[in-house]
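J.: Please model the complete structure; the sequences and the hints are all you need to start from.
As you go down the protein sequences, you meet chains E and W in turn. Per our numbering: the first sequence = residues 1 to 793. Per our numbering: the second sequence = residues 794 to 960.
Hints are computed from structural coordinates only; laboratory data are not their basis. The structure displayed is predicted, hence computed values, not measured ones. Heads up, the beta-carbon is just placed ideally off N, CA and C, and yes, glycines get one too. Careful, some of the hints might be misleading.
Derived CB-CB ranges, DEER-like [stated by the list, open to error]:
no.	chain 1	residue 1	chain 2	residue 2	range
1	W	Arg-838	E	Thr-606	27 to 37 Å
2	W	Ser-811	E	Arg-272	34 to 44 Å
3	E	Arg-39	W	Thr-806	24 to 34 Å
4	E	Thr-409	W	Asp-919	18 to 28 Å
5	W	Ser-886	E	Gly-70	37 to 47 Å
6	W	Ser-877	E	Asp-24	20 to 30 Å
7	W	Gly-816	E	Arg-10	44 to 54 Å
Far from chain E, some chain W residues (derived; all Cβ distances over 10 Å) [as the list claims (entries may be wrong)]:
no.	residue
8	Glu-807
9	Ala-818
10	Glu-820
11	Leu-839
12	Asp-859
13	Gln-872
14	Glu-882
15	Ala-885
16	Ser-916
17	Glu-922
18	Asn-955
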Amino acid sequence: MGSTFELGARPVYTGTHVTRAQDDSLLSGQGTYVADLHRDGMAEMAVVRSTVAHGRITAVRTAEAAAVDGVIEVITAADLTDVSPYPNFASAYTQTPGTFPLAQDKVRYVGSPVAVVLAEDRYIAEDAAELVVVDYEELPAVISLEDALEPDSPRLFEDWPDNRLLDLQPDDSEVAAILAGSRVFRRRYKMGRHTAMPMETRACMAEVRDDRLHLWCTNQHAHIARTTLSYVLPVAERDIRVVIPHVGGGFGLKQHLYPEDVLASWLALRHRRPVRFVEDRAEHMIAAAHARDHMMDMEAAIDDDGRILAIRVQVVQDLGSAEIFPGAWCPALTTAAHMTGPYDIGQCVVSVAAVTTNKTPGGSYRGFGVPEAVFAVERFIDEIAQEVGVNRLDLRRSMLLQPEDLPYTTASGALLDSGSFAESFEKVVELAEPAYRRAEAQYGADPQSRVGVGYAVLFEGVSPTHHGASAHWAGHESCSIEVQPDGGVRVASGVTDQGQGTTTFVATLAADALGVPIETVHVELADSDSTPYGLGAFGSRQAVVGGGALLLAAGEVRDKVKKIAAHMLEATEDDLVIEAGRVHVAGSPAPAVTMAEIATTAVIRTIDLPPGMEPGLEATARYEPELMEHVPDENGRINPNAAYANAAHAAVIRVDVGTGEIEVLNYILAHDCGRVINPPIVDGQIWGGIAQGVGGTLYEDLRFNDLGQPQTAFMDYLVPSAIEMPEVVIEHFESPSPNTPLGIKGVGEGGTVGPAAAIGNALAHALAEFKPQIRETPLSPAVVRAMIGDQQT
Amino acid sequence: MSAPTARRVEPTTEVPISVTVNGHAVEAVVPARQLLADFLRDELRLTGTHVGCEQGICGACTINLDGEPVRSCIMLAAQVDGSSITTVEGLASEGLSPLQQAFKDNHGLQCGFCTPGFLMTLSTVDPDEYPGTEGIREAISGNLCRCTGYGGILQAVRTAWNRTEDG
Numbered sequence: 001m002g003s004t005f006e007l008g009a010r011p012v013y014t015g016t017h018v019t020r021a022q023d024d025s026l027l028s029g030q031g032t033y034v035a036d037l038h039r040d041g042m043a044e045m046a047v048v049r050s051t052v053a054h055g056r057i058t059a060v061r062t063a064e065a066a067a068v069d070g071v072i073e074v075i076t077a078a079d080l081t082d083v084s085p086y087p088n089f090a091s092a093y094t095q096t097p098g099t100f101p102l103a104q105d106k107v108r109y110v111g112s113p114v115a116v117v118l119a120e121d122r123y124i125a126e127d128a129a130e131l132v133v134v135d136y137e138e139l140p141a142v143i144s145l146e147d148a149l150e151p152d153s154p155r156l157f158e159d160w161p162d163n164r165l166l167d168l169q170p171d172d173s174e175v176a177a178i179l180a181g182s183r184v185f186r187r188r189y190k191m192g193r194h195t196a197m198p199m200e201t202r203a204c205m206a207e208v209r210d211d212r213l214h215l216w217c218t219n220q221h222a223h224i225a226r227t228t229l230s231y232v233l234p235v236a237e238r239d240i241r242v243v244i245p246h247v248g249g250g251f252g253l254k255q256h257l258y259p260e261d262v263l264a265s266w267l268a269l270r271h272r273r274p275v276r277f278v279e280d281r282a283e284h285m286i287a288a289a290h291a292r293d294h295m296m297d298m299e300a301a302i303d304d305d306g307r308i309l310a311i312r313v314q315v316v317q318d319l320g321s322a323e324i325f326p327g328a329w330c331p332a333l334t335t336a337a338h339m340t341g342p343y344d345i346g347q348c349v350v351s352v353a354a355v356t357t358n359k360t361p362g363g364s365y366r367g368f369g370v371p372e373a374v375f376a377v378e379r380f381i382d383e384i385a386q387e388v389g390v391n392r393l394d395l396r397r398s399m400l401l402q403p404e405d406l407p408y409t410t411a412s413g414a415l416l417d418s419g420s421f422a423e424s425f426e427k428v429v430e431l432a433e434p435a436y437r438r439a440e441a442q443y444g445a446d447p448q449s450r451v452g453v454g455y456a457v458l459f460e461g462v463s464p465t466h467h468g469a470s471a472h473w474a475g476h477e478s479c480s481i482e483v484q485p486d487g488g489v490r491v492a493s494g495v496t497d498q499g500q501g502t503t504t505f506v507a508t509l510a511a512d513a514l515g516v517p518i519e520t521v522h523v524e525l526a527d528s529d530s531t532p533y534g535l536g537a538f539g540s541r542q543a544v545v546g547g548g549a550l551l552l553a554a555g556e557v558r559d560k561v562k563k564i565a566a567h568m569l570e571a572t573e574d575d576l577v578i579e580a581g582r583v584h585v586a587g588s589p590a591p592a593v594t595m596a597e598i599a600t601t602a603v604i605r606t607i608d609l610p611p612g613m614e615p616g617l618e619a620t621a622r623y624e625p626e627l628m629e630h631v632p633d634e635n636g637r638i639n640p641n642a643a644y645a646n647a648a649h650a651a652v653i654r655v656d657v658g659t660g661e662i663e664v665l666n667y668i669l670a671h672d673c674g675r676v677i678n679p680p681i682v683d684g685q686i687w688g689g690i691a692q693g694v695g696g697t698l699y700e701d702l703r704f705n706d707l708g709q710p711q712t713a714f715m716d717y718l719v720p721s722a723i724e725m726p727e728v729v730i731e732h733f734e735s736p737s738p739n740t741p742l743g744i745k746g747v748g749e750g751g752t753v754g755p756a757a758a759i760g761n762a763l764a765h766a767l768a769e770f771k772p773q774i775r776e777t778p779l780s781p782a783v784v785r786a787m788i789g790d791q792q793t
Numbered sequence: 794m795s796a797p798t799a800r801r802v803e804p805t806t807e808v809p810i811s812v813t814v815n816g817h818a819v820e821a822v823v824p825a826r827q828l829l830a831d832f833l834r835d836e837l838r839l840t841g842t843h844v845g846c847e848q849g850i851c852g853a854c855t856i857n858l859d860g861e862p863v864r865s866c867i868m869l870a871a872q873v874d875g876s877s878i879t880t881v882e883g884l885a886s887e888g889l890s891p892l893q894q895a896f897k898d899n900h901g902l903q904c905g906f907c908t909p910g911f912l913m914t915l916s917t918v919d920p921d922e923y924p925g926t927e928g929i930r931e932a933i934s935g936n937l938c939r940c941t942g943y944g945g946i947l948q949a950v951r952t953a954w955n956r957t958e959d960g
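T.: Here is the structure:
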């Protein structure tokens with residue numbers, strides 16, 4: 001990648017456990033989350049939400065609510081005359097839902113915002129919200145994705161020809177020809193509907209200061225949020241500031257700019273007083289983005305040994321009502337891009353449909369289409385092995401990409417430039433087989449127990465283009481670095497921190513790239529007024545692109561530091577070393593000049609600068625990965641990521657055949673995210689990702705009845721506790737990408753994408769005697785018990 | 794939310810309370826329906842007590858009430874008259890307590906939203922009653938964390954309680 005992405009000569013922090021600067025305040029209750037913000041005269045919002053899944057609004061009666069003491073105003077869509085619908089930049093290949101912050105003529109899911117009560121406090125706002133009466137002419141609801149695909153299905157959007165927001169049918173003639181002449185294996189897999197469920201719900205607080213709108217919110221992107229607000233509200237972008245204080249977990253759910261952010265802003269502008277919205281958990285269950293809910297129909301041509309020669313897939317994603325921005329069809333495209341797994345399957349064609357149903361809009365969630373693909377591909381391989389009668393491990397070995405295959409371009413166009421696909425798999429097998437034997441020894445004699453081990457091997461696109469989701473933004477990140485006269489460093493970047501450690505990696509790389517003590521680095525993120533335009537947190541991107549922009553900016557500053565120091569020391573630049581905030585000639589620590597002396601020269605005593613040198617010691621850089629593609633070619637092929645991480649997962653489980661309960665005894669994962677910046681933070685990402693993957697596989701399920709009424713309260717939505725979380729063993733491989741800064745790949749999602757497949761395969765192994773059909777998640781006790789049926793003796 | 798027949802109950806009743814919070818005596822007159830979490834956060838501005846679910850499930854709002862871990866989101870402020878409360882702000886007089894320090898050293902928190910609840914639950918626990926790592930899992934099983942997968946938290950508590958991985 002050339003010499004531009006460099007740490008300094010003597011990096012001391014990168015690769016070590018740098019503890020996090022914000023932890024002292026978070027641990028002592030001094031954090032500042034949006035709900036902690038308080039302003040004099042602050043009013044609070046409560047949202048009146050649709051109680052029917054599909055209906056035409058015939059009346060919204062607000063008078064009684066508006067008359068309650070302490071109510072400032074009750075608004076409906078009719079009041080928002082100067083608000084524009086969210087834009088759709090993908091109208092060339094998608095239908096447009098025309099999403100508006102409040103329902104206009106129709107509601108399309110239970111939870112859809114219909115009216116807002118603004119009151120002196122949240123207690124009063126909720127009291128009054130109960131008095132708003134909405135009359136509906138109810139319409140037949142579309143609940144399942146199968147229903148949505150039916151030609152005579154009711155339509156959510158009457159001006160669309162059907163319920164397909166997206167429908168891509170690529171030319172499959174080549175694969176069809178192979179299928180026609182081969183043994184064909186077919187399966188249908190589904191992944192259920194679950195969601196991120198961050199412990200902090202969504203929140204925002206809008207205020208007008210100096211005639212500008214300031215929005216404090218839980219969004220994952222300060223600048224994308226600002227720009228989107230300018231599209232929807234009648235406010236110039238220069239008059240909007242978005243600030244993201246401490247955030248209690250995002251996981252993709254907080255990528256979307258939700259109606260409440262727009263409504264609080266609109267009300268703050270209208271009433272010229274601060275307006276806060278803090279979502280309660282009951283609202284969160286129905287109004288914050290849901291996720292997954294995919295179906296994968298797989299057909300493969302296989303040879304006598306079970307090897308896959310060609311594969312044809314139809315992916316269908318259930319979008320819910322699709323009234324969300326950015327739109328939520330991109331997980332289906334991401335699923336499609338991962339349908340070959342890390343295997344040498346040269347022929348793969350995937351058609352993709354994203355359909356609307358009368359359920360909460362689907363959106364982003366950690367993994368973003370990859371868990372669905374991995375579940376389908378890895379279950380498929382286990383089922384082929386069983387059908388053909390070959391060993392499931394050997395079948396994988398016969399197809400896995402080997403080091404000599406790299407770089408390898410997948411059938412969908414992904415450029416796997418590095419990785420440890422086969423090696424990570426063998427490592428996991430080596431660790432998991434003994435764990436399985438121990439479990440067998442422990443439980444083998446227990447007639448109530450069956451034990452099994454299951455595997456999943458995967459690659460995972462990281463640092464993606466935003467274009468797949470928005471058809472608007474692309475993939476860059478930016479960073480500004482300023483060395484101040486006292487030698488301290490201010491780093492401002494477009495990346496954001498929802499708790500994953502972004503602030504710490506920025507400080508770490510900056511300190512090493514500039515050769516200064518990390519304590520002298522101040523990191524500024526997530527304030528659109530004080531950071532350069534960046535795209536923020538999504539798709540395990542920030543260390544890759546945020547790191548790249550930072551290293552570019554730091555390189556410019558470092559070069560200038562050396563030039564000034566060379567002048568001051570009367571030495572040659574190439575002989576100089578920067579370390580611990582001082583510059584000296586290599587091999588002789590004195591004489592030296594400090595960063596403070598250099599910066600003072602650069603910005604105050606500029607008369608002492610080398611002749612002709614411009615004052616100042618700062619740089620702003622932007623990094624857009626050059627191999628990342630944003631639009632597919634004419635054959636639908638695209639390399640939409642800056643890099644690809646890989647992993648192998650194994651789960652050892654015990655099944656209680658009486659209750660159907662699955663206990664995950666061991667979870668073993670070999671992960672490769674290229675160069676590691678902070679080992680405990682990487683491990684923390686993986687542990688947390690596994691917990692979410694285990695939850696989505698075994699416990700978490702967002703169900704709806706035939707009327708489209710949500711059936712899952714938070715009490716029933718079983719986020720894993722410490723009791724359910726298995727022991728985890730993590731092995732690291734480091735295959736640096738030759739195409740990313742420092743070889744860094746992303747790690748944010750690697751733990752989440754494998755558990756459904758590994759646990760599903762372990763269940764098939766454990767229950768082999770019952771010949772279970774394991775093709776859907778979640779694998780709840782009731783589902784598992786039904787697989788065992790009355791066969792248990 | 795929009796039940797057409799709902800009748801409003803006037804929130805006029807107020808209750809005087811006298812309570813010790815983090816060692817300080819507090820006298821207040823609170824609305825009878827005010828949740829303890831809202832009293833702590835909105836009236837006393839002790840925003841370290843976080844509200845994650847308002848239904849007693851997630852444990853983020855846990856406080857130490859007379860030595861017991863209590864969900865402040867499902868208790869009324871009016872109920873704590875005469876009690877002594879410790880919140881996360883009162884855990885250490887300065888700097889970090891050994892448990893807080895162990896969370897920092899072992900990456901026992903990510904977003905930090907659930908963290909005060911874990912700390913407050915643990916502040917009421919006698920380690921001897923929760924042996925081994927399984928004991929720690931049980932001790933914190935009433936607190937949900939969505940970021941860490943509990944790995945860093947288990948390690949932090951083992952460190953604070955001088956335990957090895959096996960027990």
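J.: Now tell me, hint by hint, if it's right for this structure.
T.: Verification of the hints:
1. W:Arg-838 <-> E:Thr-606: 27 to 37 Å: At roughly 46 Å between Cβ atoms, Thr-606 of chain E and Arg-838 of chain W fall outside 27 to 37 Å, so the hint is violated.
2. W:Ser-811 <-> E:Arg-272: 34 to 44 Å: 39 Å, holds
3. E:Arg-39 <-> W:Thr-806: 24 to 34 Å: 28 Å, holds
4. E:Thr-409 <-> W:Asp-919: 18 to 28 Å: Violated - the Cβ-Cβ distance for Thr-409 of chain E and Asp-919 of chain W, about 59 Å, lies outside 18 to 28 Å.
5. W:Ser-886 <-> E:Gly-70: 37 to 47 Å: 40 Å, holds
6. W:Ser-877 <-> E:Asp-24: 20 to 30 Å: At roughly 26 Å between Cβ atoms, Asp-24 of chain E and Ser-877 of chain W fall inside 20 to 30 Å, so the hint holds.
7. W:Gly-816 <-> E:Arg-10: 44 to 54 Å: Roughly 48 Å apart at Cβ, these two residues keep to the hinted range, so it holds.
8. Glu-807: 13 Å, holds
9. Ala-818: Check passes; 20 Å lies beyond 10 Å.
10. Glu-820: Glu-820 of chain W clear of chain E: closest Cβ-Cβ about 21 Å, beyond 10 Å.
11. Leu-839: 7 Å, violated
12. Asp-859: Asp-859 of chain W is indeed farther than 10 Å from all Cβ atoms of chain E, at 20 Å.
13. Gln-872: Consistent with the label, Gln-872 of chain W stays out of reach of chain E, its closest Cβ about 17 Å off (over 10 Å).
14. Glu-882: 4 Å, violated
15. Ala-885: 7 Å, violated
16. Ser-916: 12 Å, holds
17. Glu-922: 16 Å, holds
18. Asn-955: At roughly 19 Å from the nearest Cβ of chain E, Asn-955 of chain W sits farther out than 10 Å, so the non-interface label holds.
The structure fails hints 1, 4, 11, 14 and 15 (numbered hints given earlier, in ascending order).
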